[in-house]
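S.K.: Residue strings, one per chain:
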Amino acid sequence: VIDDLCFEPLASIAARIGRRKLSSVEVTQAVLDRIGQLAGDLNCYITVTGEAALAQAEALDRLQAVGTYLGPLHGVPIALKDNIHTVGVRTTMGSAIFSDNVPASDATVAARLRLAGAVLIGKTNLYEFAFGAPHPMYGPVRNPWDLDRSCAGSSNGSGCSVAAGLAYSALGTDTGGSIRLPAAYCGVVGVKPTYGRVSRAGVVPVGYDLDHVGPLTRTIGDAAIVLAAVAGRDPADPTTASAPVPDYSAALEKGVRGLRLAVARSQAGEQIDANVGAAVEKAYQALQAAGARLIEVDLPSYSHARTIMWAVASVEAAEWHRGLLRSRASEYHPSVRTNFEVGEFVPAVEYVHMQRVRRVIIDEMTRVMRDVDAMLLPTTPCVAHPIGAQTVTVGGCEQDMWTALTQYTPLANLTGQPALTLPCGFSERGLPISFQILGRRLDESMVFRVARAYEREFEWTLRRPPSHRTAPQTSGPVP
Amino acid sequence: VLGQPNPQITRETLQGFAAYAGIDYTEARLDELMPSLQSLMADIRALWDVDVSNAEIALVFTAEEPEA
Chain A
27 VIDDLCFEPL ASIAARIGRR KLSSVEVTQA VLDRIGQLAG DLNCYITVTG EAALAQAEAL
87 DRLQAVGTYL GPLHGVPIAL KDNIHTVGVR TTMGSAIFSD NVPASDATVA ARLRLAGAVL
147 IGKTNLYEFA FGAPHPMYGP VRNPWDLDRS CAGSSNGSGC SVAAGLAYSA LGTDTGGSIR
207 LPAAYCGVVG VKPTYGRVSR AGVVPVGYDL DHVGPLTRTI GDAAIVLAAV AGRDPADPTT
267 ASAPVPDYSA ALEKGVRGLR LAVARSQAGE QIDANVGAAV EKAYQALQAA GARLIEVDLP
327 SYSHARTIMW AVASVEAAEW HRGLLRSRAS EYHPSVRTNF EVGEFVPAVE YVHMQRVRRV
387 IIDEMTRVMR DVDAMLLPTT PCVAHPIGAQ TVTVGGCEQD MWTALTQYTP LANLTGQPAL
447 TLPCGFSERG LPISFQILGR RLDESMVFRV ARAYEREFEW TLRRPPSHRT APQTSGPVP
Chain B
-19 VLGQPNPQIT RETLQGFAAY AGIDYTEARL DELMPSLQSL MADIRALWDV DVSNAEIALV
41 FTAEEPEA
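So the protein sequences, as listed, match chains A and B. Letter by letter, the first sequence follows residues 27 to 505 in the numbering used here. Letter by letter, the second sequence follows residues -19 to 48 in the numbering used here.
Same shape as in the complex, but just chain A (with noise of 0.2 Å):
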């Protein structure tokens, strides 16, 4: 019964705490037993805030007794990525040097979880300051669908204690694919909304033009719910859009008879898995049965993103970590200090030539969104690889692993434009495999729409990793 409390969608859980048939106590109990149980083999928490959770959440029901109900992320516990600052909470970065760190003060997506009741329930692992490798000192998160498999990165933590039932959300953050891909690997939903949409103060960079903060859940209403809550303007980080924050959740059951959706089948260079292609393909053929009509488009620039990604984070990554990496260097995980260190060395006429470069792939997305109501996408091309693989196999070739799995992500972090990743199918060993919705800037509606659209007719979102079921497995139609 505590494991089926863990697993009910957010927004249910929040309407019973609304109407009072269950409490934030009972809740935030429930989600640290089982975070108890469950936690040390997963690895997927650095902090569980405990009995903090727990008087957060008494709080929360004496307000609520008094008739103050903050919203529906009231009472609700929510783990946030440990590169996200929070008052009196611990927040590491994943990283052996900040291992007791205690902010001062709360990012600013902290605090608008905390103003809208939700339940502070632990800080979640991940890759050293996000970028590249876990920390010894942490050690990898192992995926809740198969132990020995990876859960990708950097937010691992946080799509791990998502998918296993560990909390109702969680934030990440995405500089190329961070939320999406852990998120792709653990069989549930992660938005990179707009950039400019979600601010990032507080949150530790990485490249300051390419990161997200958004989102991770089991539903995509639970998504729009947590979204909505984090979203809007801020003046404490001057990238942030003025546009108002629209209500989510009032698109999510529209449809998607009569919109266009982008395709963009085979790019060059791309090379992905026969199954997940498959599964992929055949969701693309869901949404089209569903009324939407599939546009095929071409992205002659798309194979570029990648590139930039990986060089712009870790020249804007450099000139933070430029006095740690002369004073503490021997601290830093090889490889991420390697990420970092080869920043300082890429000349700065060529940072010049790869934002030009951006330019013409924002502009090619810019004539092709102008055209289609969002863009389909795989994820990943591949499902989750084991904990410690350098290189995947990929439509039969043996490829490094980073370079495989951002293949698709970037893109979305280059143009700054939304996108969500949810589960489309499992392959044959059960391991998760997802696609993309990408909108129009500030469209987030859109892609929640379209997202949700998908997931009504299938319903893989209510599965449950096996090693952790106590509830009958729900079964979906098989796209």
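Just so you know, the hints here were simulated from the structure itself, not pulled from any lab data. Quick reminder that beta carbons are idealized off the backbone N, C-alpha and C, glycines included. Accuracy of the hints is not assured; some may be wrong.
As the list claims (entries may be wrong) - Partner residues are not named here, just some residues of chain B that face chain A (Cβ under 10 Å, in silico):
(1) ILE(-11)
(2) ARG(-9)
(3) ALA38
Starting from the structure of chain A, add chain B where the hints point.
M.R.: This is chain B only, laid out in the frame that chain A set:
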């Protein structure tokens, strides 16, 4: 395309860059960094062929009124 020779990154050039940046690498660290830097720069140089003649830099400042 730009009339440039294909530049090579050697241990000496990296060592020179590092000295300029105020970093003193060990020989072992230079060996670790070289493949990653060479790979990254090779990828970056592949972008030289992209026609950017009509492309503004992606990082631009918009002329908005400051928030009151």
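S.K.: State for each hint whether it applies.
M.R.: Now for the hints, and whether the structure bears them out:
1. ILE(-11): With a minimum Cβ separation of about 8 Å from chain A (threshold 10 Å), the hint on B:ILE(-11) holds.
2. ARG(-9): Violated, about 13 Å.
3. ALA38: 4 Å, holds
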